[in-house]
Every structure is written in structure tokens, then in C-alpha cells.
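Number of protein chains: 4
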Amino acid sequence: MASSYHKMGLHAITPDRIISSGMLTKEYLYLKVPDGMVAYLGTEGSAHYIESLGLHPIPINEVNESNMDKIKALLFLDDEGFDWKDGLNKAINLMRKRTIPAIVANTDHAYPVTIHDLSVAVGGLAMMVENIVGKKFIRFGKPDSQMFMFAYDLIRDHRPISKKEIVMVGDTLQTDILGGNKFGLDTVLVLSGNTLPKDVDTRVTASGIVPTYICDSAVVQPEMF
Amino acid sequence: MASSYHKMGLHAITPDRIISSGMLTKEYLYLKVPDGMVAYLGTEGSAHYIESLGLHPIPINEVNESNMDKIKALLFLDDEGFDWKDGLNKAINLMRKRTIPAIVANTDHAYPVTIHDLSVAVGGLAMMVENIVGKKFIRFGKPDSQMFMFAYDLIRDHRPISKKEIVMVGDTLQTDILGGNKFGLDTVLVLSGNTLPKDVDTRVTASGIVPTYICDSAVVQPEMF
Amino acid sequence: MASSYHKMGLHAITPDRIISSGMLTKEYLYLKVPDGMVAYLGTEGSAHYIESLGLHPIPINEVNESNMDKIKALLFLDDEGFDWKDGLNKAINLMRKRTIPAIVANTDHAYPVTIHDLSVAVGGLAMMVENIVGKKFIRFGKPDSQMFMFAYDLIRDHRPISKKEIVMVGDTLQTDILGGNKFGLDTVLVLSGNTLPKDVDTRVTASGIVPTYICDSAVVQPEMF
Amino acid sequence: MASSYHKMGLHAITPDRIISSGMLTKEYLYLKVPDGMVAYLGTEGSAHYIESLGLHPIPINEVNESNMDKIKALLFLDDEGFDWKDGLNKAINLMRKRTIPAIVANTDHAYPVTIHDLSVAVGGLAMMVENIVGKKFIRFGKPDSQMFMFAYDLIRDHRPISKKEIVMVGDTLQTDILGGNKFGLDTVLVLSGNTLPKDVDTRVTASGIVPTYICDSAVVQPEMF
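Chain order of the listed sequences is A, B, C and D.
Heads up, the first sequence is in our numbering, so the first residue is 453 and it goes up one at a time.
Heads up, the second sequence is in our numbering, so the first residue is 453 and it goes up one at a time.
Heads up, the third sequence is in our numbering, so the first residue is 453 and it goes up one at a time.
Heads up, the fourth sequence is in our numbering, so the first residue is 453 and it goes up one at a time.
Heads up, some of the hints might be wrong.
The list makes no distinction among identical chains, and a pair is therefore deemed to hold if it is satisfied within one copy or across any two copies.
Computed cross-link-like contacts, DSS-like style, restricted to lysine-lysine with a CA-CA straight-line distance of at most 27 Å [said to hold, decoys possible]:
no. : residue 1 : residue 2
1   : Lys549    : Lys478
2   : Lys587    : Lys537
3   : Lys615    : Lys537
4   : Lys587    : Lys615
5   : Lys587    : Lys616
6   : Lys587    : Lys478
The set of hints was computed from the structure by calculation and includes no laboratory data.
Just need the whole structure built from these sequences, with the hints factored in.
Here it is in C-alpha cells:
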């Protein structure tokens, strides 16, 4: 992700300054799942950090009667990298038969793939499985405050800072702005594909989610950082 | 479906006595979609009645930019017969771009495939699409009263009958018993895989859905009909 | 209600031609609750038909430990006529302790009291109680097809008619138009306080609920009937 | 609250060691609402901290056309201290007419008043208002991680501590245990009125919320602290 910012000339955005819900998933596994097999929905790449924790990752399509009892957690990581029909049915039966935590490393239900088209995100698939199984899954991502806390803690490791000195910038009312507001930050809504200038008033009024500032575009100079 | 009852020796159950949510979908199309293309998720067999209505069925995986504008309705018929990833993403983008009705011929979110395992039903897939798209889909099936009305009308075509003379028999509280109760019928809960004897008290109390009678098993003599 | 139409000069609308969700509640009680006490939230007037069924109505605020065991059903009839705090807490504890049906004779969560202001409807209060108690309540009203069926049956008592000869006229997409569409009727959305001309396109697109016709105003001549 | 612990002989629990969702509400107001009127549902006592922030508290029943435009936020603090019918209708119309934040200082929908009876909590009332108004309210309380973060920060002000050294003790799966697990803590479910010994296995399996330890009772010696 950092490299895509570098292409835009934003060299101050180094990988260690980007926070993702994967980091919270990793922290959760480190703290709560000491050893054993962890099943996942996603690409092999999305599961790379599981082994570094001393856990044994297993793709959902490889779960079967003989290994099911050894699985300690189920991770929803990515919508790519597995057969949906087989994988979702296996996820449902795994969660019905075993009492293990399911962790969703993405709160979005869909994401844009082109300017016109959406794709179902792994968070949307997880919502369907959760609804059918009737159990409570653990979700990491905005607007949940744990995501903001994680970032806030990282910043405070560098220097003392109060919430009054931070602004949250984002293009989506339901995640970036709602989460930032609740965490006590000033918020800047940047108008983009997710929130178009012509819709912004209607959406703010309808949702009741009010950014402190609204900004026409996210054109920023690298030296601003 | 009638043939499976025949194997059980229940010869009085002829095809014209079986009512399915497909019949309501067919009636809906007859009344509300006079002509044009209808996209569907399901097997070719599940879509057989579309052509008999003078409509042109098109499998969801064949929907594309060039034919999208001709589609008049989207049907969720069956979880088999199409590629889930491609089909569900196409269903989402079709419903986002076009203002057409989506009809779900199945209210279940999952169904048993073996004594131990469930599969996601097309009603579960439709629930995910509906949630992502944010539009209101039309669902046919129990506990909706339209299903009961359809059956009640068919019976009254044969002879006058009052609701006090009918009982609804079923094995699921949330569909059979809830729908029968609401429609004003006496209801019989038959204990089976869906509601086990050891769970029945807890489930009735927790759901607040109370059958008039509870029956240990559905063993019936053909001559009872 | 008929008298308010008479003031508008619509004398063809006689009381026997008006259908309300109260009629379905009355039919439900007649078919499913043969005798005993029935607790209700609402005015004394809203409960008038309970006694005519041979049942004994009791206002929710008079429910207590000594009579609770005799109550056979709980009815949500009206937001007026009882103390909310005491009544809602009593409704919750009654539904937790007893396994009896709760019937909601109104699907709206709120209703307009002036051109600017809403009031919580008894359907909104019932939704809160249902959510806290976790049991399934029985609701009568649009868009549920039972309401349309009841009307359709009444019309057919006078003369044979097909669904293709009936239109549903209403001012609300989520109830009148959705219910009419699902029942297979052509639908007419009349623009009014509930759906303003400036909002109609956005709302149809956002909800996916499409009326067959849209009509600027409901100005009708009595001789039209 | 501290005094009730003192009566039990737990003198180590001083007021500065008790964390409540009111503290998060206070922090939110301090960070996000610099001045003006704040309307509230609750007792005068529950609103005591509003004035100390330089804000002007106004009970919901005193909101009217003339002061409505000056109100900067709506707080749901307590189910006592106001007339429900007038207050809830005023809350709905205030949130429909004004684009201001609504803050709910309690995530519970109901709470026990005796061993047998529940009362609707202000969180239950807020849920009804939120549902009718269709806007997103801000909720503070377990299982939200912000509550755990607030406590964690307070502890770290005294001494460095890792999450592996903390356990979360509580009697409710959906709030204490779910929140503690997600925050990465070991969790102890104490069996009490909220989770009875006979129900614990069923509830853990049904909810999928698994405590690290289950403990028969919360009998603790003061010297344990």
C-alpha cells in the first residue's frame, strides 16, 4: 500500500506509518491464540503473518472432518484466493460444530473495483456466515475505536500528543468520520467517489454523521507532511 | 417432490397438491412483468417456467454491459447452477445500476444436506446481496401469509372450508408454526431434525412461537389422508 | 374514519368499505384465543371489540402478579391511553414470564401529528419490547399480504374479480406500494406529505420499490367511485 | 457506586478506580462540543457534569420551538427523571429537525430491578429513537473497545503493563466477555443472575463468545486486592 502512495509522490508515507485492520488481527492472535491450526478465507499472501506467530495456517477449502477438531480460530481475510461455494459452506459448518472465535479483518461489505462496479468484500461474506450461524464474530476496522486507539498509541510512542491536536481525514461518513468523531477527533470529509459533492448535504443530514470540515479534494503537497 | 412422497407410500400427495414458493414467483411474473429478459441465479431446471410465461430467461453469469439494460427482473431461484463469485458480484452490480424488482423464491438462509451439515440456500445469498445493495427485495415463502393464502385459495376452489377446519403441520417454529399461527390456523409441530425433542421446550419459550399441538413423529398412514 | 372521508365529500366510502389492521387482530383472536383475559396497550376505545369476542380485556397498567397467570395474549393497539413507563415495563415482564402471543395491530413505528411533527406509534413501542424480550411478535398491517388478502376476499364476496383489474393507491413506498406490488397489483403512488415530489425519484431508486404509476395529487371526484 | 462496594468491605475500590460510560460521554463533550445548550433524557443528577464543562444542560421535557435551534447535542443518560411519552416524542422531533450528535451513555437495553423483573434502560429507549429517526447515534459502553482503552490508559498512567497481565472479570457474555476478548485480554465469566450455572454451556456454544475461565462465584476477600 505504501508503494501506491509513493507513486503519487507522497514519500513521507512509509510502510511503518500505515495502519491496517490486519495489525489488530495479528495482535488478537498473538494475545489470544497461543498455538495450533488457524483456518482462513483469503489468498496465501493475506495469511502470511499467521506462521510468524507460530500458528499453522490452513486454507478454508482444505478443512475437513479429519482436521476440523484441531482448528483454534477462523479468519476472514480476503474475498480472493478460495472457491466461494465450497469455502463458505465449510466456514458455516466449521462454526456450527466448533466453539472457536471467528475474526473478520475487514468491516466493509463491498469495495469498488472500477469507477462503476463493486465487488463483495470478505466482510460481506462474513456477515452472511455470521447471520446463518447465529454466533458473534469479532470484527476489526473503522469505525471501531480499537483501530483509532492502535494508531493513537503508535503516535504517542513517538511524542506526547492530545486528541485535540489530531484530525481524522477520510472519504466515507460511516467509517472514517463516524469513527473519528466518536474517538473525539476533529474530522475532515474529503469529497471523492465514496461521497460526491452533489450528495454530501443529503448524506450528512440523513445519517446524522457530521464532519467538522468538508474539503473539496484530497490534493495535498508532500511537503505538507 | 411428489415422487419423494410416493416412495414413502404417500400416494395421495399428487403434484397438484404441493404448493411451492415457485408458484408465487410465477404468479408475480405473470401479473407484474409482461415481457422482456429476466436474469436468474439457479439451475436451468429451476428457471423452466420463465419461458412458458413468454419471458426470456438469462443465467446471471451471462449478464453483461450489452444486455443489462433489457433485464426486467432478477430472480433468486437456487444455490446450484452458477459460479457464486462471478454471479453474486453480477447480481450486486445489476441491482445497483437498474431499478428493477428482485424476487427471492425461498425464505430459508440455509438448508440441511446431510444429518450433520448445512448448505447456504439461495435465500441466504439474496440476504447478502440485499444488505449490500440496500434495496428491498420481494420474498415468497413461509412464514409469509401469501403462501398460506395461495394454499387456502386452492382448497376453497374444491370446497368451502373455514380456517377452523384446517391444521398446519410442520417441523420448524420460525416458518411453519409462526406462519400458520398468524394465518389463524391450529398448528402441529412435528419433532424432527429441525426441532429435536430435547430442545423443543427451550425453543418454544425462547421464541414465543407456540404450536397448538406437539407431535413426537410424523409417522402417518397413507389411509389417514 | 369513514366520517373524515364524508367531510371531504367522499360519500361512497362507507364504514364497511374500510379495512384496518384491527380487523385482522379481531379475526386472529376469534380463531386462536377462545377465552380468558387479554392485556392491551391502548385506549379503552381501541379495545372495544375484545369483549364482543367473549374475552376479558385488561389495560396493561392493571396487570400485576395476581392476574398475570390468567392472561392469554398481549395486544399493542394504540400509543394513547396508558402510562408509557409503567406500561412498557409491565409489557416486558409479562412477555418474559409467560409464553403467550403478542399481537401488534399497527406496523408503523411513528405517525405524523402535525405537518412538522411525528409521534411514536404503538408499532414503534412494540418493536422496542420485542427487541428487549427476544420473542417473535405477530404484526398485522401493510406491506404484509394478509391485509391485501383480507380486502381481496371482501371484494370477491361481492363479485368475481382478478388481480389484474385492481390498483392499489397509496402515499408510502414501504407499505402501500411494496405490499401492492408483492400481491401482484398495479400500484399508484400519490405524492403527499409522506412522499414529496422533489424526493420521489431518489426514494424509488434508493429503495428499489417501483410504483406502476406516479400521480401528482389525490384530488378525486366523488363520482369517480 | 464506590460506597456500595465499601459496604461489601471492598475498601480498595475508591471512586477514582471506577470507570463508567459517563466518563467517555464527558470526554466526548469536552473534545467535540465547545459551548451551548445540551438536551438530555435523565435525572438532574445524571446530568451534573454537563455544567462543569461550561455547557448548559436542558431537560428533554423543556425543549420547545424557541430553544431547539440552540441545542448542540442530545444525551441519553438515564431512564428516570422525565416523562417518557413527552420526552421520547421530543427526542424524535429534535433529532429529525436538527443535525446534531446524539450520545448514549449506556449500551444496555434493559436492566434488572428485582430478582424477577427488568426495566427498560435508557439504551433501549435510545435504540427505539435511533430506529425511528434513521440516524446513527454514538454509544459508549461495553463491549465497545473505547471503554477498555479508557481503563487501560488509566492503569498505564500508574505503571507500565501489558495486556497479557490483565484479566477482565464480568458476569455477562455479550458485554464483559466479548469486549474483553476482542481487546485481547484473558476473560473470567463469573456466574451470577445474568449467567446462571445451568445455562452457561448452552449460552457459550450458542453465542460463540468463549471466556478463558469460568468461575462459580465472585466471592473475593478484600485482601486479594
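How would you label the pair Lys549, Lys478 (within, between, both, or neither) given a Cα cut-off of 27 Å?
within (25 Å within a copy, 38 Å between copies)
Can you tell me if Lys587 and Lys478 fall within 27 Å by alpha carbon in one copy, between copies, both or neither?
Within one copy, since 22 Å is at most 27 Å while 33 Å is not.
Status of Lys537 relative to Lys615 across identical chains (alpha carbons, at most 27 Å)
neither (45 Å within a copy, 38 Å between copies)
Is it within, between, both, or neither for Lys587 and Lys615, if the alpha carbons may be no more than 27 Å apart?
Close across copies (25 Å), not inside one copy (35 Å); limit 27 Å.
How do Lys587 and Lys537 come out at 27 Å by Cα distance, when the copy is not named: within, between, both, or neither?
Both: 20 Å inside a copy, 24 Å across copies.
Taking 27 Å as the upper bound on the Cα-Cα distance, should Lys587 and Lys616 be classified as within, between, both, or neither?
This pair counts as between: shortest inter-copy Cα distance 26 Å, intra-copy 38 Å.
Violation of the numbered hints given earlier is confined to hint 3; every other hint is satisfied by the structure.
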